[in-house]
Amino acid sequence: MKFRHVWIVFRKEIKDLLRDKKTIISSFLVPMILIPVIFLFVGGGAQKMEKDISENITIALSQNSNTADIRKIVEDGIIKHNTNIKLINVDNPIDAVKQEKVRLVLEFDADYAQKLKNDKPFTVKIYYDKSKNKSDGAVSILTDAINQYNQQIVGQRLTALGLSPDILQPAKVEETNVAEPGKSGNPTLVMILPMMLGLLVTIGGIAAATDIVAGEKERNTFEPLLTTKPSRLSILTGKYLTVTLFSFISVISTGIGYVIGYMINPNSLTMGASDGIGGFSLPLVATILVFITTILMGMTFSAVQIAISTFARSFREAQTYLSFLIFVALIPGYATMFMQPGDVQTYMYAVPILNTISAFKMVLGGNINYLNLVIALATSVIYVILSIMFAASLFKKEKVLFRS
Amino acid sequence: MLKVSNITKSFESITAVNNISFEVRKGEIFGLLGENGAGKTTTLRMLATMLKPTSGTAELCGYDVINEPEKVRSHIGILFGGETGLYDRLTAAENIAYFGELNDMSKSEIKERISQLTRIFDMDEYINKKAGKFSKGMKQKVAFARSIVHNPDIMLFDEPTSGLDVTAILEVHKFILDCRQQNKTIVLSSHIMSEVEKLCDRIGIIHKGVLVASGTIEELKKTYGKDSLEEVFIELVGDRNEI
Ligand SMILES: Nc1ncnc2c1ncn2[C@@H]1O[C@H](COP(=O)(O)OP(=O)(O)O)[C@@H](O)[C@H]1O
Ligand SMILES: [Mg+2]
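Heads up: the protein sequence lines correspond to chains A and B, in order.
Residue 2 is where the first sequence starts when you use the numbering used here, and the numbers rise one by one after that.
Residue 16 is where the second sequence starts when you use the numbering used here, and the numbers rise one by one after that.
Keep in mind the hints are simulated off the structure, nothing from the lab.
A quick note: this is a predicted structure, and the numbers were derived from the prediction, not measured.
Heads up, some of the hints might be wrong.
What the hints assert, rightly or not - With a straight-line Cα cutoff of 16 Å, these simulated EDC-like cross-link-like pairs (lysine to aspartate or glutamate) come out: (1) B/Lys148 with A/Asp21; (2) A/Lys16 with B/Glu109; (3) A/Lys81 with A/Glu56.
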């Protein structure tokens, strides 16, 4: 293998691929534009939904309960401190819930006044529509409001008996977070980032890998190429490095996509489910190690992709095989998506793909176990070597190279 | 210049090339005449070091295909039949330059050579355009230029006219004769009698992997007592078929 030859092949492949719209779109534009768009869309949607549920809650009273006295209890007792809740008048309360004119309807016991006066409990029925998110979400908000009202009445009753409301609360609860600042991690990021990364490292090189061997065979340029001076290993290495570069480029493009998304809306990265990514820091050494592990995973996948592209009888066949590879990367990503760093088992740090995802989760989680990190790194090195050896052996096989 | 010694290639179940030997002198065109599946492509692939011989060997420009494949490759140019393959997203010049670079030519050598080839093949109009939109004729010229960019001593043509129309065939013939003019050593495989008769100085008839006869056309006619190459071919190949 001569470095000069590797470099010539590498440079030509890059030039060639950069002129291909398909490759540009799938490696650069898709991650850079589509990812923030998806995140903003989904994240914005989730935020909007949360807002919709907690704001502009309209309620009504059932026909029987719609009396001036009850209105007064509701308006002055229950929803007085909840400015987001409004009591309105509707003709047909139950239908109004179904038609989403009001979120829910309250019905008081007919003899509620009697019971209230005699210190007996009365019932407030809540009619809501479970099939409607907003209606469903309003129930707990109203329940909280009614509890507040209860406490208020209890206070009044105790005071009337000459007792302090404090007797109902022997112990108070106070919370203090002792985690070092920045060490609590971000559960949503821990869920999403490793999976996305694993997926993108896989997808990034596919277009290049398909084009570079199966495509070259199909275009009849492969035989002339093989009869030039460079050894087969030099040619393979040049092509391999190209695929590796492309898989990283798409990871970097994704990073840029994330930054763009973050600049438009800081909450979009966590899909609006958490409080953004502020306030957590990454330990340097661990971050570098996990970064190297990710690079190694990219290198492994690139070799596997080159091998598949070499093995395929046609461009189409290569595309088909390589799209299966996406699933291979997706499965461990999805399977562990909801796993938090503490749930990751030690063996997972040795399984291909899973090792990178696990290491990444751990670093994002903030609780670093360096032994596990080293396991992930060492196994990744082994997988790179194995995959490159596999690709090289295929590339040397006459039976594979010259079949049709 | 080119010496093939008892070369054999077996794939799992078949012996595609069986103990073939021949020699080609400098400035000579040697024709490998044989039907489909006779073993022509396999033979040429072994000469081009794409396939490793199962046994036997060949020497090109004094270099052994098994022990010095890189040296061999830097002295050969190939034009293998079928659809002409170019990198569509590269210009004609870039296509040619790539093969020059791969054969260890310097930037200035390549530049000079390309302008020379552009003149020879009359490619001025499109030398800096992307190959993807070229007509078949244009592509063919770029492929010619690419195959000789490094000025190889030996040219290997594997059924170079298969699937081409008449004008394109004539272009290929002219290119092959030009190569001989430049004193290159040429091996041409074909299944077309007239092509071989027109171009080759000596021929070898290959059948089921075996070189059943070789010599000049006159010699072959005399040896087998026939008036035409066609009859010689039928005699040899037909005979074998009956066995
Ligand atoms: N890579 C290969 N694997 C197995 N058999 C092959 C391979 N290449 C060629 N053959 C077989 O070898 C024989 C000679 O093929 P080939 O050299 O292509 O003949 P020709 O070029 O004269 O048509 C044929 O029977 C063909 O099927
Ligand atoms: Mg053939």
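Return the numbers of the hints above that this structure violates; sort them in rising order. Checked against the structure, no hint fails, so every one of them is satisfied.
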